[in-house]
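Using the sequences provided together with the hints, build the complete structure.
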Amino acid sequence: MTVHTVIGAGVAGLAVATELVNRRQKVQIIDCAGPPGPHNCSWWAGGMLAPWCERENSELTVQQMGRESIAWWSRYTNVTQAGTLVVARTRDLPDLKRFAQRTTGFRELKQADIEQLEPDLHGFSTGLYFAEEGHLEPRQALQDLWQTLQQAGVTFHLGTPAQEFAQKSLRWSGRVFDCRGLAARDRLPGLRGVKGEMLHIRCPDIRLSRPVRLLHPRIPLYIVPRGEGIYMLGATMIENESQDHMSVRSMLELLSAAYALNPAFAAADILEIGVELRPAFADNLPRIRCEEGVIFVNGLYRHGYLLAPALARQAADLALTHSKAEMIHADID
Amino acid sequence: MANTFYGLRLPSALMLGTAQYPSPAVMAQSFRESGASVATVSLRRESAEAAGQSFWEIIRELGVLILPNTAGCHTAKEAVTTAHMAREIFDTAWIKLEVIGHADTLQPDIFELVEAARILSNEGFQVFPYTTDDLIVGERLLEAGCQILMPWAAPIGSGQGLINEYGLRAMRAQFPDISLVVDAGIGLPNHAARAMELGFDAVLVNSAVARADDPPAMACAMMRAVEAGKLGRQAGPIAVRDMAEASTPVIGKAFLS
Numbered sequence: 001m002t003v004h005t006v007i008g009a010g011v012a013g014l015a016v017a018t019e020l021v022n023r024r025q026k027v028q029i030i031d032c033a034g035p036p037g038p039h040n041c042s043w044w045a046g047g048m049l050a051p052w053c054e055r056e057n058s059e060l061t062v063q064q065m066g067r068e069s070i071a072w073w074s075r076y077t078n079v080t081q082a083g084t085l086v087v088a089r090t091r092d093l094p095d096l097k098r099f100a101q102r103t104t105g106f107r108e109l110k111q112a113d114i115e116q117l118e119p120d121l122h123g124f125s126t127g128l129y130f131a132e133e134g135h136l137e138p139r140q141a142l143q144d145l146w147q148t149l150q151q152a153g154v155t156f157h158l159g160t161p162a163q164e165f166a167q168k169s170l171r172w173s174g175r176v177f178d179c180r181g182l183a184a185r186d187r188l189p190g191l192r193g194v195k196g197e198m199l200h201i202r203c204p205d206i207r208l209s210r211p212v213r214l215l216h217p218r219i220p221l222y223i224v225p226r227g228e229g230i231y232m233l234g235a236t237m238i239e240n241e242s243q244d245h246m247s248v249r250s251m252l253e254l255l256s257a258a259y260a261l262n263p264a265f266a267a268a269d270i271l272e273i274g275v276e277l278r279p280a281f282a283d284n285l286p287r288i289r290c291e292e293g294v295i296f297v298n299g300l301y302r303h304g305y306l307l308a309p310a311l312a313r314q315a316a317d318l319a320l321t322h323s324k325a326e327m328i329h330a331d332i333d
Numbered sequence: 001m002a003n004t005f006y007g008l009r010l011p012s013a014l015m016l017g018t019a020q021y022p023s024p025a026v027m028a029q030s031f032r033e034s035g036a037s038v039a040t041v042s043l044r045r046e047s048a049e050a051a052g053q054s055f056w057e058i059i060r061e062l063g064v065l066i067l068p069n070t071a072g073c074h075t076a077k078e079a080v081t082t083a084h085m086a087r088e089i090f091d092t093a094w095i096k097l098e099v100i101g102h103a104d105t106l107q108p109d110i111f112e113l114v115e116a117a118r119i120l121s122n123e124g125f126q127v128f129p130y131t132t133d134d135l136i137v138g139e140r141l142l143e144a145g146c147q148i149l150m151p152w153a154a155p156i157g158s159g160q161g162l163i164n165e166y167g168l169r170a171m172r173a174q175f176p177d178i179s180l181v182v183d184a185g186i187g188l189p190n191h192a193a194r195a196m197e198l199g200f201d202a203v204l205v206n207s208a209v210a211r212a213d214d215p216p217a218m219a220c221a222m223m224r225a226v227e228a229g230k231l232g233r234q235a236g237p238i239a240v241r242d243m244a245e246a247s248t249p250v251i252g253k254a255f256l257s
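First to last, the protein sequences are chains B and R.
In this text, residue positions in the first sequence follow this note's numbering: the first is 1, and each later residue adds one.
In this text, residue positions in the second sequence follow this note's numbering: the first is 1, and each later residue adds one.
Across the chosen pairs, the derived CB separations fall in these ranges: (1) B:P189 x R:R224: 26 to 36 Å; (2) R:H74 x B:P38: 29 to 39 Å; (3) R:G124 x B:T90: 45 to 55 Å; (4) R:I163 x B:T90: 16 to 26 Å; (5) R:T81 x B:N22: 49 to 59 Å.
By construction, these hints were calculated from the structure, which means they are not laboratory data.
We put the CB at the ideal spot given by N, CA and C, even for glycine.
Pasting the structure below:
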């Protein structure tokens with residue numbers, strides 16, 4: 001029987017494998033770095049399923065593709081559907097106004113509504129509430145997909161580079177899906193890395209139930225609750241391809257923004273510092289690209305969890321039914 | 001000399017920044033629409049050394065002159081180091097010197113600015129200093145070796161336009177032979193046009209284009225505004241009068257009634 005091969009066990013690769021399994025295909029997954037872990041860009045993600053909010057700074061197609069993500073992820077992992085709250089301090093209200101002009105799917109909240117929704121947020125006179133949005137815990141989501149695939153009989157070949165693996169006489173009878181993210185840049189001209197820095201902090205004194213975005217002209221912040229008083233703070237977006245360290249400036253900015261949200265964050269413990277490079281094309285839109293029999297799924301930028309389901313569906317359809325994918329690009333512009 | 005930039009004449013009086021666009025592709029399209037002749041690039045924010053390689057490549061491919069800036073620097077020392085880095089990466093003597101005095105308002109620290117301008121000019125840099133509209137600071141910068149002045153119109157990113165038009169007019173009058181560029185605070189095309197009408201040699205815009213709903217369209221609008229303002233200045237505007245002056249004959253009309 002035909003066996004399809006997925007290279008790369010990050011969010012894109014696992015989603016593609018899942019879509020193939022759902023179509024009763026036999027699948028093997030190769031990742032030279034092992035099971036999902038800190039080497040994956042998607043390990044460090046926010047995990048916000050926020051297609052409406054993302055419209056603020058993205059093309060309409062991101063919103064359209066992202067809308068199927070909540071239902072898709074809910075089949076495999078725990079998705080919290082508590083919406084997203086967007087706020088700004090009084091002097092930054094022009095940024096809130098701009099956000100509202102560029103997005104849909106929200107209702108405007110007054111101070112009392114905000115405090116009812118999130119009692120630990122004080123002093124915000126206006127906010128936007130995107131009730132349809134959700135969030136998940138990225139590491140749990142990767143783990144859950146992994147288990148689902150294992151149970152479905154997918155075989156994993158870990159620790160071996162793909163080329164070496166091929167030489168070991170394996171018959172790659174099916175299609176090959178290259179989902180390696182930035183590691184595939186040698187095959188995908190124009191793919192670049194966009195640096196993102198994030199923090200995990202623990203602050204049991206503060207209770208937030210949903211992702212909160214604090215707008216600022218230069219230092220926007222989002223904060224995602226992970227449960228048990230743990231929060232993810234993110235994320236910088238810097239046109240920089242060095243992922244060695246988080247800068248003091250970035251950490252100061254993220255933490256100052258959190259402090260502006262609620263000064264009680266000053267008492268938080270810093271649990272983890274993450275630095276990653278998001279794979280992106282020049283228009284920050286993803287690509288499904290077919291070349292020499294290999295289907296590349298890449299360029300998910302900061303929308304890994306939001307866009308992986310739609311891209312995986314399109315890639316699987318492309319491979320199995322030769323239907324045209326919406327995001328397919330024969331060549332890179 | 002006015003209208004030249006360290007000996008260069010620019011085909012367009014619009015300079016465009018490279019920060020804050022939704023994507024590099026939108027940035028590139030905005031540059032095409034703007035006809036801008038100069039791209040400013042923030043070095044410190046987007047990284048030192050070769051780390052921003054892909055982004056630098058995209059900027060080089062714009063095919064315009066690159067003016068690296070020292071945005072984010074708070075001391076003369078930091079700015080000088082950043083200028084050295086910029087010269088390495090972009091192989092240019094041009095440096096847009098920003099020394100920020102206040103992280104929140106982004107107001108320039110003119111004391112550190114003059115100091116850094118002196119050091120860099122002595123080292124052979126061609127300095128484009130981001131300054132206020134203060135005339136004495138302007139004089140000090142020229143003494144330090146600058147041949148261009150870039151006063152703000154309003155705080156960076158505020159989009160307020162020319163909040164002190166008197167100050168900018170005074171600068172033009174005080175420094176008739178120096179190239180003057182309005183650097184910050186432009187929000188609308190009419191702000192850019194007004195600066196050119198006042199006799200400025202160029203206008204630098206970033207947020208107003210990058211954060212517009214349709215950046216390429218706003219880039220195009222800015223280009224036309226700059227051209228309109230410049231042409232209007234060259235065409236010799238009529239003097240402003242207190243009373244309307246009819247341009248058609250009034251004979252036969254009951255104008256004395």
